[in-house]
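S.K.: Residues per chain, in single letters:
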Amino acid sequence: MSEIHSNWQLALQLAIEAEAIQVDSSVANNLTQWTIAADDWLRFAAIAQQHHLRWAAGWAEQGANTFLVNACFAHQEGYLWLCTELNAAKPALPSQATIYPAASRSERHTQDMFGIHFIDHPDPRKWTRHCAWQRHEYPLRKEFPIQGTPEAITPPNMDYQFVKARGAGVYEIPVGPIHAGIIEPGHFRFQAVGETILNLEERLAYVHKGIEKLAEGRTPDELVRLAARISGDSTVAHSWAACRAMEQAGGITIPERAAFVRGILCERERIANHLGDIGAICNDVGFAFAQMQFSRLREQWQRTSANVFGHRLLMDRIVPGGVSVDVSVENGTLLTQEINALRKALNELIPALDLNSSLEDRLFTSGYLSPSTATIYGVLGYVGRASGQDFDVRRDMPYAPYDQLSVNVAVEEQGDVASRVWIRVKEVFASLKLLAQMLSQLPEGELVTAWHKPEEYNEGLAMIEGWRGEIVTYVRFTSDNKISRFYTRDPSHFGFLALEKIVLNNIVPDFPVCNKSVNPSYSANDL
Amino acid sequence: MLRLFAKILKTGIVTETIKRPDASELETLGIEVKRQVDKYFSGSIAIRAVDAGSCNGCELEIHALNNPLYDVERYGIHFVASPRHADVLLVTGPVSRHMQTALLRTYEATPNPKWVIAVGDCAACGGEFGVSYASCGAVSNVIPVDLVIPGCPPTPETLVKGLLSLMNK
Ligand code: SF4
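Here the protein sequences come in this chain order: A and B.
Going left to right, the first sequence walks through residues 1 to 527 as this note's numbering numbers them.
Going left to right, the second sequence walks through residues 1001 to 1169 as this note's numbering numbers them.
No lab work stands behind these hints: they were computed from the structure.
Predicted model, so just to flag it, every value in this text is computed and none were measured.
Idealized CB from N, CA, C, for every residue including glycine.
Take these hints with a grain of salt, some might be off.
Unchecked claim - Each computed DSBU-like pair below joins lysine-lysine, with the alpha-carbon atoms no more than 30 Å apart:
#1 A:482 / A:501
#2 A:501 / A:426
#3 A:344 / B:1114
#4 A:142 / A:90
#5 A:426 / B:1114
#6 B:1010 / A:426
#7 B:1010 / A:433
#8 A:142 / A:482
#9 B:1007 / A:433
#10 B:1010 / A:344
#11 B:1114 / B:1034
#12 A:426 / A:142
#13 A:433 / A:164
#14 A:482 / A:453
Stated by the list, open to error - On the chain A side, residues computed to face chain B include the following (Cβ under 8 Å):
#15 182
#16 235
#17 325
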């Protein structure tokens, strides 16, 4: 246990030793990896929670005669990667969901995809599984063929037991999977009295596309193309996370210039999404002026992306080992001018929003998420930061280029829709500042480090602060430069959990604005 | 309030003109028209957008159609909330198996005559996701398709041109 190098880990280690939990410790990719016995899985979670660790991700993997189950915990100052090994004959381990509710859907996903049983899980219903594969089939097991054996028409999932509410005047509103707007599909079940929402239950996985399975057997280049399509609005962030995980596995350091270009792409993505969402949130309460102005700004921003980088959403610009695009001197000037222009436009627009009392009336106090609930569910990104969760990978566990920049992180405690709008506004300004820094400090040099085959079965675990928050991505290689396992946990996972709480006691007609203020990605959640 | 009006006046009209595409332009854009909307519609179509499994990239660009630069409503193209109000289904994504029944039901709920537009490479051919245990691939594997607008995602300009190509003058 010589690798312990920080106080929080030391404290945790002592507590674990006091409980007589055996730990095998190693360091993988600068992360501490602890292997424990499956029986201790729950006890570990209890201690981790006492030490205020956040549950960040959970995934499984099939070994030769075993299943490996992993969980990633986070502390303000670092991550801890927990593993255990299960016998393949009857894979089971105690659920951590009673202690970490944020782990619940992830464990259900692992149960559906691998057939690993989580003992005493508080919610044993299926999650990712609808009716596209048979009861005793598990798509992420190696023997399951990617084509599966689907019926000509996959029947709808009719037997899902939703939570019921009874009482005088209580009624239910089922919504979706197809929604009225131009948005992704998912099912929402509301219980309401009058207009007030008593309970909301989400039923997701409608856009499950088998991304984890599709990743298997891909080359690094092919994996990045797939990762770029996990969620179209986070294409930069997910490609970056996939590349960073693979680069760790291969021991590849990307050129400095490439890291800066990645940073520029990622901040541009953040700004584009925030601009679109701020407008859309205002539109959801009938304030079309903001929608028109912000969608205009977003369109101009995307056009510059197309002109300079060749794609309006910046898809496929990040490649294993670096980037496929450069910023020429002229383009650098152009981008800097655009930063100033956007800053000026926002300085005109924001006061107009700020002074609008009808907007204020609808956004303040709507969709409240308390800081304590946000902590319980490990909520990240702007949703977390509007509810007091002071965390940002770029600042707290910086990676290149952010380790050379000063990252300002806006945090509020107000927790309502208005606060989530303001956090976004502040994040736009912070990103503009980062962009200016990156453009002025852009180092000279190469754009890609040549790829070389990672050693047999090497793995990588990477975190990237996408526009929605921390993304955690895991990869493992086979012996021949192919992917044997790919997993990613998008911050939408927590966004959806938060949404169920955010809407409580709000009126049904405010659901769209509450939802938009969180804007989780169904596609990235369902994989 | 004054700031608001000042900003509106200062911004002015930003909407751009978009030319109706001719056959050769459609070909370069890869747009494939299988059947045109006939005269019944007198230059106005109601569209129901259905995400049948996309990565949401296509949705972002469909959203852009309503921004002031493209403003597709001026061509009589508008988005409606129910398939029962729609002439056209604009379908994105590979059709995930979990959405297959929902898409079929939406198709049935749309009154005749109806048109289906497959938007994006995924909808056109399955794209990066193809056919698997979780995905039915192209939209045409599930419902008949009348127009294909490729791209990953197609740009708003390609989308407008595709929509205009469907409408007889
Ligand atoms: S075509 Fe591209 S942008 Fe559209 S859904 Fe498919 S992957 Fe996403």
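S.K.: Any of the earlier hints contradicted here, and which numbers?
M.R.: 1, 3, 5, 12, 13, 17
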